[in-house]
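Student: The chain contents come next:
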Amino acid sequence: MDERTQRFIEKMGLLSEADGMPRIAGRVFALLFITSEPMSLEEIATRLEVSRASVSTDARRLAQMGLLERVSRPGDRRDFYRLAPDGIRHSLESRIRTMRRFHDLLDEARQLETADPVVERRLAEWDDAHRLLVDVYMDVVAKLGAVGGRK
Amino acid sequence: MPTTTDSLAPSTPDVVERMGLLWELDGLPRIAGRIIGHLLLQPDPQSLQAIADALGVSKASVSMDARRLERLGLVERIGRPGDRRDYYAIADDMLARGLAMRLESVRRLHEALRTARAIPDNAPAVRRRLDLFERVHAHAVRAIEELLEQLRPGAAADLTLTTGRP
Numbered sequence: 006m007d008e009r010t011q012r013f014i015e016k017m018g019l020l021s022e023a024d025g026m027p028r029i030a031g032r033v034f035a036l037l038f039i040t041s042e043p044m045s046l047e048e049i050a051t052r053l054e055v056s057r058a059s060v061s062t063d064a065r066r067l068a069q070m071g072l073l074e075r076v077s078r079p080g081d082r083r084d085f086y087r088l089a090p091d092g093i094r095h096s097l098e099s100r101i102r103t104m105r106r107f108h109d110l111l112d113e114a115r116q117l118e119t120a121d122p123v124v125e126r127r128l129a130e131w132d133d134a135h136r137l138l139v140d141v142y143m144d145v146v147a148k149l150g151a152v153g154g155r156k
Numbered sequence: 351m352p353t354t355t356d357s358l359a360p361s362t363p364d365v366v367e368r369m370g371l372l373w374e375l376d377g378l379p380r381i382a383g384r385i386i387g388h389l390l391l392q393p394d395p396q397s398l399q400a401i402a403d404a405l406g407v408s409k410a411s412v413s414m415d416a417r418r419l420e421r422l423g424l425v426e427r428i429g430r431p432g433d434r435r436d437y438y439a440i441a442d443d444m445l446a447r448g449l450a451m452r453l454e455s456v457r458r459l460h461e462a463l464r465t466a467r468a469i470p471d472n473a474p475a476v477r478r479r480l481d482l483f484e485r486v487h488a489h490a491v492r493a494i495e496e497l498l499e500q501l502r503p504g505a506a507a508d509l510t511l512t513t514g515r516p
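Chains A and B, in that order, are what the protein sequence lines are. Going by our numbering, the first sequence opens with residue 6, and the numbers climb by one from there. Going by our numbering, the second sequence opens with residue 351, and the numbers climb by one from there.
Keep in mind the hints are simulated off the structure, nothing from the lab. Glycine included, each C-beta is placed from N, C-alpha and C at the ideal position. Be aware that one or more of the hints could be misleading.
[As the list claims (entries may be wrong)] With a straight-line Cα cutoff of 20 Å, these simulated DMTMM-like cross-link-like pairs (lysine to aspartate or glutamate) come out:
id : chain 1 : residue 1 : chain 2 : residue 2
1  : A       : Lys16     : B       : Glu454
2  : A       : Lys148    : B       : Glu495
3  : B       : Lys409    : B       : Glu426
4  : A       : Lys148    : B       : Asp471
5  : A       : Lys148    : A       : Asp109
6  : A       : Lys148    : B       : Asp436
7  : B       : Lys409    : B       : Asp394
8  : A       : Lys148    : A       : Asp91
9  : A       : Lys148    : B       : Glu420
10 : A       : Lys16     : B       : Glu461
11 : B       : Lys409    : B       : Glu367
12 : A       : Lys16     : B       : Asp481
13 : B       : Lys409    : B       : Asp376
14 : B       : Lys409    : B       : Glu420
15 : B       : Lys409    : B       : Asp436
16 : A       : Lys16     : B       : Asp376
17 : A       : Lys16     : B       : Glu484
18 : A       : Lys16     : A       : Glu54
[Claimed, not checked] In silico negatives: residues of chain A with every beta carbon more than 10 Å from chain B:
id : residue
19 : Arg12
20 : Val55
21 : Ala58
22 : Glu74
23 : Arg75
24 : Pro79
25 : His95
26 : Thr103
27 : Arg106
28 : Asp121
29 : Pro122
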């Protein structure tokens, strides 16, 4: 594998780890990101020099997250994967869902009987900041729509 | 037997627990997220023992994760005169720190995408994909930087804040 390709794949693996995902998931995503044709699990495993079993688990997880798409080929029983056409939107939307859950949790925290003004002010500040952050992500998703519509 | 569904009102342990799960999605150990949840709801600094008791975990594991959170700048360690114990509280600029962490991770992704651009013989479909991802991430970086500036002027350019390293 080309050295720059390898560097990109390893970087994405580390970033995936920093996001609480397995390193292999990031590497699988990166490999398919720079591949335009669907790839079989066997081929992905060979290219990444890992077992087919671990690729299979992580590819399925990435497909569930909407980042990859599983495709099949007529006359071929193997599973192929490729980048989901709307992968970036799905990843942003999943980020927004997580932030909304956090937001709901802060709302619940404010209903607790800890009437302490220090805690109350802190929760209100967090609430405001998260609302703004959700707005930022919504705006990015909206921009994405505009970009997609222009082609 | 009483169950949590007896009441629809949220309970403190429940909120703390779910806070732990959400921070886990951001790559923090679950106990670290629960420590943040617990401290968030306390007006005063808490001793390691008090945190361990509240979360029902060992003091050793609280101690390890509290230090990790301190290194990230999310919580603050506080000493008290005449008391040898360590106390912890939510850091004053935790919000800015948290946002800076998010910014850093988007910036790193943006950087990784630039590495991909250097790969020879990228297919046209891959180049288009790269263009789109780069544009979106550049926009996200700018927007989060603006938000951070709003929250704490000068923060976006403050590398100490965004890398978590002094």
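Student: Failing hints, ascending?
Tutor: 4, 5, 6, 9, 13, 19, 26, 27, 28, 29
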